[in-house]
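Residue-level listing of the chains:
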Amino acid sequence: MSTSSVAPRAAGAAAGSESGRVITLAQAIREALAEELRRDPRVYIMGEDVAEAGTPFKVLSGLVEEFGPTRIIDSPISEAGITGLGVGAAMTGMRPVVDIMFGDFLTLIMDQLVNQAAKVHYMSGGKLNVPMTVRTTLGATRRSAAQHSQSLHAWVSHVPGLKVVIPSTPYDAKGLLKTAIRDENPVVFFEDKMMYTLKGPVPEEEYTIPFGVADVKRAGTDITLVATSSMVQVALGAADELEKLGISAEVVDPRTLFPLDKQTLIESAKKTSRAIVVDEGYERYGVTAELASIIADGAFYYLDAPVKRMGAMDVPVPFSPVLEDQTVPTVEKVVNLAKTLCGRA
Amino acid sequence: MAQVNASQPAQHAGTSPGERERSLHMYRQMVMIRQFEEQVNQLYMSARMPGLAHLYSGEEAVAVGVCAALRRDDYITSTHRGHGHCLAKGASVDRMFAELLGKAPGYCRGKGGSMHIADQDTGNLGANAIVGGSAGIATGAAFSSKMRGSDQVAVCFFGDGAMGQGLLYEVMNMASLWKLPVIYVCENNLYNEYTHYSETTAGELAARAKGFGITTAEVDGQDAATVYETAQRLVDAARRGEGPAFLLCNTYRYYGHHVGDIQRGYYRSKEEEEHWKTDRDPIKLLGQRLVAEGVATEAELERIGTEVEAEVEAGVAFALEAEYPDPSEVDQHVYV
Chain A
1 MSTSSVAPRA AGAAAGSESG RVITLAQAIR EALAEELRRD PRVYIMGEDV
51 AEAGTPFKVL SGLVEEFGPT RIIDSPISEA GITGLGVGAA MTGMRPVVDI
101 MFGDFLTLIM DQLVNQAAKV HYMSGGKLNV PMTVRTTLGA TRRSAAQHSQ
151 SLHAWVSHVP GLKVVIPSTP YDAKGLLKTA IRDENPVVFF EDKMMYTLKG
201 PVPEEEYTIP FGVADVKRAG TDITLVATSS MVQVALGAAD ELEKLGISAE
251 VVDPRTLFPL DKQTLIESAK KTSRAIVVDE GYERYGVTAE LASIIADGAF
301 YYLDAPVKRM GAMDVPVPFS PVLEDQTVPT VEKVVNLAKT LCGRA
Chain B
1 MAQVNASQPA QHAGTSPGER ERSLHMYRQM VMIRQFEEQV NQLYMSARMP
51 GLAHLYSGEE AVAVGVCAAL RRDDYITSTH RGHGHCLAKG ASVDRMFAEL
101 LGKAPGYCRG KGGSMHIADQ DTGNLGANAI VGGSAGIATG AAFSSKMRGS
151 DQVAVCFFGD GAMGQGLLYE VMNMASLWKL PVIYVCENNL YNEYTHYSET
201 TAGELAARAK GFGITTAEVD GQDAATVYET AQRLVDAARR GEGPAFLLCN
251 TYRYYGHHVG DIQRGYYRSK EEEEHWKTDR DPIKLLGQRL VAEGVATEAE
301 LERIGTEVEA EVEAGVAFAL EAEYPDPSEV DQHVYV
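Chains as they are written, first to last, in our numbering: chain A, 1 to 345; chain B, 1 to 336.
If you're looking for bench data, these hints aren't it; they were derived computationally from the structure. Incorrect hints may appear among the rest.
As the list claims (entries may be wrong) - Calculated lysine-lysine pairs in the DSS-like style (CA-CA distance at most 25 Å, straight line):
1) LYS127/A x LYS146/B
2) LYS127/A x LYS103/B
3) LYS178/A x LYS58/A
4) LYS271/A x LYS308/A
Claimed, not checked - Sample of chain B residues with no beta-carbon within 12 Å of chain A, all distances over it, derived:
5) PRO50
6) HIS116
7) TYR194
8) GLU300
Stated by the list, open to error - Here are the simulated distance ranges between beta carbons:
9) PRO69/A x GLU321/B: 53 to 59 Å
10) GLU193/B x PRO316/A: 32 to 38 Å
11) GLU272/B x PHE319/A: 52 to 58 Å
12) VAL330/B x VAL322/A: 50 to 56 Å
From the three backbone atoms N, C-alpha and C, an ideal C-beta is built for every residue, glycine too.
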């Protein structure tokens, strides 16, 4: 995984570049949480080992020292319970941030998320709402095997009532997490475990990033690579390789799966006439299918090739490195498919 | 661990003007719930109500006794069998009926229906169609109350069926650990849908809450005065910061699991149903007590019945005449 910084296009990034400050994705997440905890006394964090331990990934280190154990709360290993508490607390005036250590554990909170949080506002005819943020992780290749490696963001993206955020850079992660905590709806926020050490420019000044605005991470003219979270670095790596072959790839990051900036995806595909969607969720019935369908529908008359999809292989994530590494899209695989689409295979 | 002897009659009724007023209010509320549910059944039988409903008839003393111990700004969460809880917490019959018929003036603009009535003005965080599904919400409301420095208490109503759900045990653990002001009210109406609870339940129901160090009480759920007095004691303790409680109310469901469950012979006998209706009816029992203690005369109770009947009939008429929501509302309120 590349650790080179990615230059975001958004306006706020200019300040970051000027000040030259570069931090990791984990630091960006921690800053966003600390700023919102300082700004709003209704915000609290609850999860397993979130206080002194700062989570196994050390993303939250230092927060309990500043905000104390009444706001940074170590919970029992009861994912459904802490999410349920979050729903009830959010309905009655708090702004919970619920920490679900591994995305695989979303399976344990599905009733609270899907049948409760997502439906409260609608079922109550708009009277009640659930301003809760669920932070969790995705991403394989950490040698963690089948129950600690899945990318299940498609599951929650399927559910009306939830918003889904899937950042790929420290800058985006910080701005989008602050927006998530301030949002009046339940938001599921996915962090790629392998990107916590990824560095990028983040300005000192406060900023937020609105949901539903895709970001072109690299401009190009021959082919569009739509990529999410962990796959943005893969797409950028592929774009570098393709450039050497004389193929100009545009990398587009939707940043939020709902709300979704369909227009930017469609416009990019219209411009380049080819598109590959790359995402680390299972390929079957996944995010790639939804995004590819939107592009195929919206850019049909401009396309020179079918829209292609690259997701995780449809197998439980295996442990052995020689097996696991086959299951996720790589720079090489993206380059090969792009070459084929561009008639250069 | 507190234990209430259900056979010991409460000695409170009618000794002061405040108590008299409360007793009569409780009686009126119970009659209202009974008549409301009879009307719901009629609406179903005459095919004027979409979908199904789960009737609360027979269990009125639980909702009314518990809610009499609550303030308006205290919270409740309810169940699929929730009409009684909503009314007891202060919902009005006309908007309740409107919701059941899917009409625009309903509590949820027709989006929730029988199983999802919520009313923030009376602290009702919503009925819930997932068995045990609101245990997290009620406990979270109690957690929020404590974090905000409020003294609001949350009551989580659920049935014996919810004792099979894991979420309940996760949140009872946290409620006890953090001394949250939440009362878990288990209405044991003997049946998990169509199955007697003894076939699904190992050990004692109340022992499960005791295992978490939660104050536990078991009462005759047909005796409104005892339910009220016990609930008041538990609610007061929770409000003082002494932590959660578990109140097991032994009660009975007169109708089937839902209005369409009319052939019940395969899981319970007519004799059993008759016994509860004849000997253990909570409205009858409270009425007899009020008359015996000189709190009210037969004529006064009859007048309450007549007044409630008029209110319930007016509520049904209101709902039947009310407009349906505009079709364009279908995609409103998905997000704030």
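Hint by hint, here is what the structure shows:
1. LYS127/A x LYS146/B: holds, 23 Å
2. LYS127/A x LYS103/B: It holds: about 16 Å lies between the C-alpha atoms, which stays within 25 Å.
3. LYS178/A x LYS58/A: holds, 19 Å
4. LYS271/A x LYS308/A: holds, 16 Å
5. PRO50: Since the minimum Cβ distance to chain A is about 16 Å, PRO50/B lies beyond 12 Å and the statement holds.
6. HIS116: violated, 4 Å
7. TYR194: holds, 23 Å
8. GLU300: holds, 37 Å
9. PRO69/A x GLU321/B: 53 to 59 Å: Taking Cβ atoms as reference, PRO69/A and GLU321/B lie about 56 Å apart, which means the hint holds.
10. GLU193/B x PRO316/A: 32 to 38 Å: Since GLU193/B and PRO316/A have Cβ atoms about 35 Å apart, the given range 32 to 38 Å holds.
11. GLU272/B x PHE319/A: 52 to 58 Å: With Cβ atoms ~57 Å apart, the hint holds.
12. VAL330/B x VAL322/A: 50 to 56 Å: holds, 51 Å
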